[in-house]
Structures are given as structure tokens and as C-alpha cells.
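Protein chains: 2
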Amino acid sequence: MSDDGVSRKERDRLVRESDFLDSAESLFAEMGFYETSMEDVAKRAEYATGTIYRYFESKETLYHALLLRKGRQYFGQTQVVFEKSNDPLLQLRGLICCKVAFFAENWDFLRIYMTELAAKTGGSARACRPPQELDDDFENYLSNLRDVFVRGMKAGVFRKLNPDHVVAAFIGMSNECLQTSLAEGVSGDVLEEIEMFVFDFVSGGIVTEKGRSV
Amino acid sequence: MSDDGVSRKERDRLVRESDFLDSAESLFAEMGFYETSMEDVAKRAEYATGTIYRYFESKETLYHALLLRKGRQYFGQTQVVFEKSNDPLLQLRGLICCKVAFFAENWDFLRIYMTELAAKTGGSARACRPPQELDDDFENYLSNLRDVFVRGMKAGVFRKLNPDHVVAAFIGMSNECLQTSLAEGVSGDVLEEIEMFVFDFVSGGIVTEKGRSV
DNA sequence: TCAAATAGTGAATAGGTATTCATTCTTTGG
DNA sequence: CCAAAGAATGAATACCTATTCACTATTTGA
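Just so you know, the sequences run in chain order C and H.
In terms of our numbering, the first sequence opens at residue 1 and continues consecutively.
In terms of our numbering, the second sequence opens at residue 1 and continues consecutively.
Calculated directly from the structure, the hints in this document are not laboratory data.
Certain hints may be false.
Same chains, same label: a pair holds when it works inside one copy or across any pair of copies.
Said to hold, decoys possible - The calculated BS3-like cross-link candidates involving lysine-lysine, where the alpha carbons are at most 25 angstroms apart (straight line), are: (1) LYS210 / LYS154; (2) LYS154 / LYS84; (3) LYS59 / LYS9; (4) LYS154 / LYS9.
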């Protein structure tokens, strides 16, 4: 037994699981869910095809597991931001910072997550349904985010716009910015630039005083 | 021969093609490319499975054809906007108007297009590759859009921000807004609201004077 | 060291679906 | 009205890949 009550065997199993999840994540991001075969995943993880099934019931289970792993981690981090402060502007900054940092570290996941999201709103054009658990976390995130904007409007620091639209706009623009910016490679500078840009754009838009007066 | 030099037979063929494209479009939007079988498409169009192959070489060809049909139409309309005026602010307004109107009429296509786009930037997590022709149109659209922002910055009506980020932000936020807003049903009011919101958000962001001074 | 238990293997199975094609139905032109 | 040409049909084919499982290899505990 190790210090945290997890046997060597269990740890081994977790490592193996994680190997499969990593392979699957990178392959799904690169090729897509359907273009990736279980054999591909196994090969990348350096195991035989059948071995995966000792760790995951099915391809769908594997997919769910990888979505949950990173997804919950991400929503967990946003939750901290929501709870840390009550100031809408600070929360907004915190969320952006959190998002940029997380997705810079989890580029493959971002790709998968965005495909999910693209398919989500309308109904179903998706690889295969994401786990309910994650949907719930996402709903919760949405409602917290909406709340930030609503409070900001009440406090007079945000303009009074349709908060649902603001939520959509914020999510869409930040995702797309991250996706295109991180497409190449990432350096610390780029990260900071994106973070600043997103905040700047969300807060002030693009039109100048001069533009407004025309 | 009809007035435009198209025989009855040819017109028939076009109608049939269009039937298949319509079925495929709604099914792909609803279920996704891989979850939709050729039999489903045929059934919805009220034909036998084999008949599709008299009109389209393969499932991929069918998919390409439906992307091209609407895609080119959309990019054609944006092209008109780019050429109609030289004033960045007017062009921006025009593009938003054009986008909202087009996607309100082509909701299914928007769903497919967004899945495409989500997969695009990174590399490939897509149903199956979109036709090169459409990629080219998209590239062209991107560069024209970028140009609008760059000119606006030069003219002093837009703030000097990284134009590539602005392009991404604009596309992402407008897509996401459309997707979530149009998710339910569409009425004229909603359309106008979205159009105004998108312009408002892009131009002025969400922070008020008061928010800025804190 | 050995036998039981556990883990890994990859060829075989099973099910699904894109695509084909021999056949049947419909249209056309004489 | 008839035969040839064109269109439609849907059962059969061919292929692909998720999943299984009998077998081999490794680890464990005595």
C-alpha cells in the first residue's frame, strides 16, 4: 500500500488507463472520433487491440472518459474563479486567464471539446453523445457565467445587453481565438497576448470614439 | 427546350439532385455525417438506396455537393458586401446583416458548417474533408474580412488590435450567437435583435465608462 | 520453485453500411 | 401500340472495424 491508500496494482491500472486516454485524446483530436479505430488507439499506446477492453467497456466509454477527465478538471477550475470573488470584472478576467491557461496546456482536448460544442446547441450532429455528467457541469458553468454578466449589468460596470447573447458571444469568441492562435505552437508571449486580447475585445469592442461619432 | 436552354430532362435531374441534397442536409445536420446512412437519405427523399448513386458517386461526393451548394452561395453574398462599399463600418454592418439573414434561412447548413469550422483550424477532426473549392472561398473570405478590419484601423474608426484575432473573435462570436439564438425557432424580431446585438458587441464590447474607471 | 491468478494478445466473430448490379418499371419516339 | 433507352429498385456484395475470447505470458503468494 502506498501512502494514499492506493495499491501498486491500482496505480498501475490508473497509469494504463491514462495511457489509453492520452492516445485516444490525441488521435480523436487529430483524426476525429470516427476516423480513429480502436486498433489505432491501441497501437499508439503500444498495446494490443484487445487490451483496451480490459480498461474500457467500449469505444464510447473511452470517449466519455476522456471528455470527463479534462472537462471536469476545467469546470472545476472555473468554479474556483466563480467562488473566489464577487466582482464581475475580476471574475471575467479570472475566467479568461483560466481558460487560456487550461487550453494552452490541453490543446487536443480543446479541439474535441469544440467539436462537441459546435454540435451541442442544435441537437446532435456529434460524434457520440457526451456524458450527462459533463453536460450538467456545462449547464452549471453557463448559468454561473450568465450570473457574472447579470451582476455586472446591475452594478453598472457592464452595459445592459441580452445576457444570453453575451454568454454566447464570450464563449464563441474566446474559443475561436484560442483555436486559431494556438493552432501553430504556443509560447508564453502568445498566451499573454491572447489573454489580453480576449479581455480587451470583450470589454471594449473594436470601434473607436471617432468611429462612433461618424 | 425551356427558355434557358435546359431541357425538361435536365431540369428533372436537377430537381432530383436537389431532393437528395435537401434530405442529406437535414439529416447530416440532425444526426451527423457518420450517423446518417445512405439508406436514411434515400428514404427521406423517397427513393430507393441505389438511386442516389445515379446522382452522386459516393457519400463523400454528396456531402461535398451540399457544402458547396450553400457555401458558395453564402460566400458569394459576402463578396457582394465586400465590393459594394469601401467603408469598413458599413462593410461590417453589411456582413453581419448578410450572415444573420443567410443562416436564418439555412439553419441546417449552419450546423454542418460550424462542425466543419470547429474541425478546420486545428487540422481535421471532421466528418470528411470539405471540398478544396470551398476551402479556397473560405480563405478568400478570411482575407477580405481581415482587410476590412485593417482598413478600419488605418482609418482610425477601429481600435488597433491584432487583426487576425479580431477576425477570429468576430467569426466565433457571431457563429455562436446565431447557433444559440436560432436553436429554437426564428421570428423576424429575433433576427433583428441578433443582428443588432452582434454589431453592438463587436463595436463596443460590454464594459461601461463606469466599469472602465474602476 | 510452483500453481493459481491476473494481464496481455491478436486472430476470429459479428454487425453494420457503402456500393454494385441484375432485374423491373417508365418513358420516348416511331 | 411496340421496342429501345433510360431510370429506379433493393437484394446481394464487399469491406470495415468494434468487440470477443481462447490462448500465452506474467505476476503473485506460499
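Evaluation of the provided hints:
{"no.": "1", "hint": "LYS210 / LYS154", "result": "between (28 angstroms within a copy, 12 angstroms between copies)"}
{"no.": "2", "hint": "LYS154 / LYS84", "result": "within (20 angstroms within a copy, 41 angstroms between copies)"}
{"no.": "3", "hint": "LYS59 / LYS9", "result": "within (24 angstroms within a copy, 47 angstroms between copies)"}
{"no.": "4", "hint": "LYS154 / LYS9", "result": "neither (54 angstroms within a copy, 64 angstroms between copies)"}
When held up to the earlier numbered hints, the structure conflicts with hint 4 and nothing else.
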